[in-house]
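Colleague: Going down the list, the sequences are from chains S and H.
For the first sequence, the numbering used here begins at 1 and goes up steadily by one.
For the second sequence, the numbering used here begins at 451 and goes up steadily by one.
Just so you know, the hints here were simulated from the structure itself, not pulled from any lab data.
Everything hinted at is true.
27 Å max Cα-Cα, derived DSSO-like pairs, lysine-lysine:
no.	chain 1	residue 1	chain 2	residue 2
1	H	Lys733	H	Lys787
2	H	Lys771	S	Lys53
3	H	Lys568	S	Lys5
4	S	Lys53	H	Lys838
5	H	Lys868	S	Lys395
Which stretches of chain H does chain S cover? Using the computed rule of at least three CB atoms under 8 Å from a CB of chain S, they are:
no.	segment
6	492–506
7	516–529
8	547–559
9	604–618
10	854–861
11	888–899
All residues carry an ideal CB built from backbone N, CA and C; glycine is no exception.
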Amino acid sequence: MKHAKTATQNACKLCNPLGACLAFRGIENCVPFLHGSQGCATYIRRYLISHYKEPIDIASSNFHEETAVFGGSHNLKIGLKNVSKQYNPEVIGIATTCLSETIGDDVPMIIREYKQEFKNGSPMPIMIHASTPSYMGSHIDGFHAAVRATVKTLAEKGAREKLINIFPNMVSPADIRYLKEILEDFKVPYMLLPDYSQTMDGGPWGEYHRIPPGGTPASAIAMAGSAIASIEFGSTLEASKSAAGYLEEAFGVSRYHMTLPIGIKKSDKFFTLLETLTQQERPEKYDDERRRLIDAYADGHKYVFEQKVIIYGEEDLVVGMTAFLSEIGITPVLCASGGKSGMLRKSIKELIPNMEELGIKVREGVDFVDIEDEAKLLKPDFLIGNSKGYTMSRKNNIPLIRLGFPIHDRFGGQRMHHLGYRGTQELFDRIVNTVIEQRQNASSIGYTYM
Amino acid sequence: MEKITILEGRQKQIFEKKSGVEQLDISCDTSSLSGSVSQRACVFCGSRVVLYPVADALHLVHGPIGCAAYTWDIRGAVSSGPELHRLSFSTDLQEMDVIYGGEKKLYHSLIELIEQYKPKAAFIYSTCIVGLIGDDIEAVCRKVAKETGIPVLPVHSEGFKGTKKDGYKAACHALMQLIGTGSTENISKYSINILGEFNLAGEAWIIRKYYEKMGIEVVSTLTGDGRIDAVRRAHGASLNVVQCSGSMTWLAKEMEQKYGIPYIRVSYFGIEDMSKSLYDVAKHFPKRTDIMEAAKQVVSEEVKELYPSLQKFKKALTGKKAAIYVGGAFKTFSLIKALRSIGMSVVLAGSQTGNKDDYARLKEMCDEGTVIVDDSNPVELSKFILEKKADLLIGGVKERPIAFKLGIGFCDHNHERKIPLAGFVGMYNFALEVYQSVMSPVWQFAPRKGVKI
Numbered sequence: 001m002k003h004a005k006t007a008t009q010n011a012c013k014l015c016n017p018l019g020a021c022l023a024f025r026g027i028e029n030c031v032p033f034l035h036g037s038q039g040c041a042t043y044i045r046r047y048l049i050s051h052y053k054e055p056i057d058i059a060s061s062n063f064h065e066e067t068a069v070f071g072g073s074h075n076l077k078i079g080l081k082n083v084s085k086q087y088n089p090e091v092i093g094i095a096t097t098c099l100s101e102t103i104g105d106d107v108p109m110i111i112r113e114y115k116q117e118f119k120n121g122s123p124m125p126i127m128i129h130a131s132t133p134s135y136m137g138s139h140i141d142g143f144h145a146a147v148r149a150t151v152k153t154l155a156e157k158g159a160r161e162k163l164i165n166i167f168p169n170m171v172s173p174a175d176i177r178y179l180k181e182i183l184e185d186f187k188v189p190y191m192l193l194p195d196y197s198q199t200m201d202g203g204p205w206g207e208y209h210r211i212p213p214g215g216t217p218a219s220a221i222a223m224a225g226s227a228i229a230s231i232e233f234g235s236t237l238e239a240s241k242s243a244a245g246y247l248e249e250a251f252g253v254s255r256y257h258m259t260l261p262i263g264i265k266k267s268d269k270f271f272t273l274l275e276t277l278t279q280q281e282r283p284e285k286y287d288d289e290r291r292r293l294i295d296a297y298a299d300g301h302k303y304v305f306e307q308k309v310i311i312y313g314e315e316d317l318v319v320g321m322t323a324f325l326s327e328i329g330i331t332p333v334l335c336a337s338g339g340k341s342g343m344l345r346k347s348i349k350e351l352i353p354n355m356e357e358l359g360i361k362v363r364e365g366v367d368f369v370d371i372e373d374e375a376k377l378l379k380p381d382f383l384i385g386n387s388k389g390y391t392m393s394r395k396n397n398i399p400l401i402r403l404g405f406p407i408h409d410r411f412g413g414q415r416m417h418h419l420g421y422r423g424t425q426e427l428f429d430r431i432v433n434t435v436i437e438q439r440q441n442a443s444s445i446g447y448t449y450m
Numbered sequence: 451m452e453k454i455t456i457l458e459g460r461q462k463q464i465f466e467k468k469s470g471v472e473q474l475d476i477s478c479d480t481s482s483l484s485g486s487v488s489q490r491a492c493v494f495c496g497s498r499v500v501l502y503p504v505a506d507a508l509h510l511v512h513g514p515i516g517c518a519a520y521t522w523d524i525r526g527a528v529s530s531g532p533e534l535h536r537l538s539f540s541t542d543l544q545e546m547d548v549i550y551g552g553e554k555k556l557y558h559s560l561i562e563l564i565e566q567y568k569p570k571a572a573f574i575y576s577t578c579i580v581g582l583i584g585d586d587i588e589a590v591c592r593k594v595a596k597e598t599g600i601p602v603l604p605v606h607s608e609g610f611k612g613t614k615k616d617g618y619k620a621a622c623h624a625l626m627q628l629i630g631t632g633s634t635e636n637i638s639k640y641s642i643n644i645l646g647e648f649n650l651a652g653e654a655w656i657i658r659k660y661y662e663k664m665g666i667e668v669v670s671t672l673t674g675d676g677r678i679d680a681v682r683r684a685h686g687a688s689l690n691v692v693q694c695s696g697s698m699t700w701l702a703k704e705m706e707q708k709y710g711i712p713y714i715r716v717s718y719f720g721i722e723d724m725s726k727s728l729y730d731v732a733k734h735f736p737k738r739t740d741i742m743e744a745a746k747q748v749v750s751e752e753v754k755e756l757y758p759s760l761q762k763f764k765k766a767l768t769g770k771k772a773a774i775y776v777g778g779a780f781k782t783f784s785l786i787k788a789l790r791s792i793g794m795s796v797v798l799a800g801s802q803t804g805n806k807d808d809y810a811r812l813k814e815m816c817d818e819g820t821v822i823v824d825d826s827n828p829v830e831l832s833k834f835i836l837e838k839k840a841d842l843l844i845g846g847v848k849e850r851p852i853a854f855k856l857g858i859g860f861c862d863h864n865h866e867r868k869i870p871l872a873g874f875v876g877m878y879n880f881a882l883e884v885y886q887s888v889m890s891p892v893w894q895f896a897p898r899k900g901v902k903i
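Construct the complete structure from the given sequences, taking the supplied hints into account.
Modeller: Below you can see the structure in the form of structure tokens.
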């Protein structure tokens, strides 16, 4: 049934500040700080914790009624002072909220005043400000805003170095570790931002860490302006909103912008790009990974061919997944996102020029009720996306393959790979097994070989 | 170890019980310091948790998307029928709405959602910016109520206008608009409302069954497995039985004033408090000695079954130390007693929203050397857990990773739990969960055991 739909029901997106907090966690010795009500920080912490299973401290300026009336300047300054004292951070990543944006707080000016007022105190942390009003865009915009603001604050001009910047987008800690492994195997100096591979998925503690170990050091980010190139994943991420875009504009660092490397073709593109930039061949180990993946494609192709799926989530993840699905013969009958960049359709069309012919539908700015309505018509074999699709998966009895963020109802979301040959291999195995499990369960015989 | 200092301005919200030393009252009921990482939430959160379990109402969050997205299906509050409360509705305000106002969007959202889902009532939660952009929520609600014929109740829960407690009050205020609008015909004289019980993992059903065995009619549970029609009849009960005092005492007082219904405070956690909550209700009906007899019968049957099953846990857990940090202080009292009954002592006790009386009572109850905190944060909690060598932390989802990082057991005593911890059966579940977490062999690898990592 079609409903008139003004309200958003079961949102397929989160708010802007969440993405910023996650990105700030990828900077070494940095405390994310939300300028707004206490609930924002608490809810976002809770939401992130349920996925990453790590303590996540996010400070808040804890607006009161007077703050909203007279402006947040006083609260923000006290907050910065308190955070500096208790956490002794090298960096404070300040993101705004709907509240501080609506009352019109001029955060850059407040930071300047703060630095002036307290310049004789203990060493002043670096302050990064990202404007992240919740009434614009979604969490992914907050993520990119924070990464761009970080580079804008820290990157300096310098003589060209043999250095590559890599901006991997909102991927899992496991993906980040894999990317670092690749770059280390290429023996090329790199600056990856944000690197929350350890801060959001670390080991046990013998003592309490106010700020967990790990993250990209501010000193490394400062070098970003001297790099030979930036690689940035994300088909729908425009240069004007991206960190690599800023570096190109400000320091002439070439921006190589590509789809998230999921599937063989996009992973090839990534490795070829690295080969070109470093002028060396990829290490043999990645050829091995690639060969195993092609072999697996052959072994599993019959299970997946012409399966129909609905894929949803952040637009760039949807595009990356679509690239992969199309090369194994799965038809994404709906590519959906709560995001609204206006670029999703174009990006899918670039990948699959005859998308209409194949019956591939693209929808931006949707919620899970919209997706559910589509699912009733499109009758997909399964759904692919974050765990928030479980409600409709259960209700309509369509299996869900969980990936991306958040995964709140399964274990190990932070250790899941998505990128490169390794990530694709994991995803392919899971998809094939989902199909096999379905068939096995549906069979009256109960085959023990499939 | 790195020295952890307590933020200035926080010192008054912490103390350690020491005999022979004159101690000041703890400072509480204050807003959290700017820049601290409080474990508290906001006014909206307070309202949302209280009203959330009302399963046949529409819960529409008026504001940008975050507040609705983060509270989608957030509690383990289960329903025996409709499950409208498990969906998330937001007006998802955009920049243009912020500039030109969101009233129209709110109006259309309401009309459409009521048409689509046919709720018995609607709660409209204001979020931070709603007041600032000047939306007249009351007017929209009145209009929609008139057009649709169902109660449409504004909940004034702008995040920054106070603390979580103010949110509780705003929610209770909305409930008060409903109470008194239903028929009280055929309600027994021996009847109660269960207040502040949210039916997490079906706990309200367990409690309800005990009372019904005693011959008591439960008119309404506020708000666990809640139904609008039952809320409307709540004024027909003879007694309000209040758990989670933080959220519902205000409502109980209002009902006392308006309808002359007295109230008692109870807790359903642990054998001692669970039994007392049955006896206290029986005492309220002194002429019916059979009710007290029935209460004794329920307790004796349950305890007879429960007590032997706890011994295994007690044997293993004796001498182990616990830290408690939960939302309301009243729960802390029960947990201290429950832990003692399985041989454990409490080295840290605290809450997000306790008041002066609560902390005075905590001080009385606690052992020498116990640290008592109000509105704590991860740094402080960790400091005391390590210093006091706790083996277990009891808290909510935000506290869980702190415990696990430091390599100690954890028991979730918050909204998300999936296993009932209330009632006699709940005491068994609680002991089992504590046992399974504290005694797990995985902690042998924890750095606190001196293992190199």
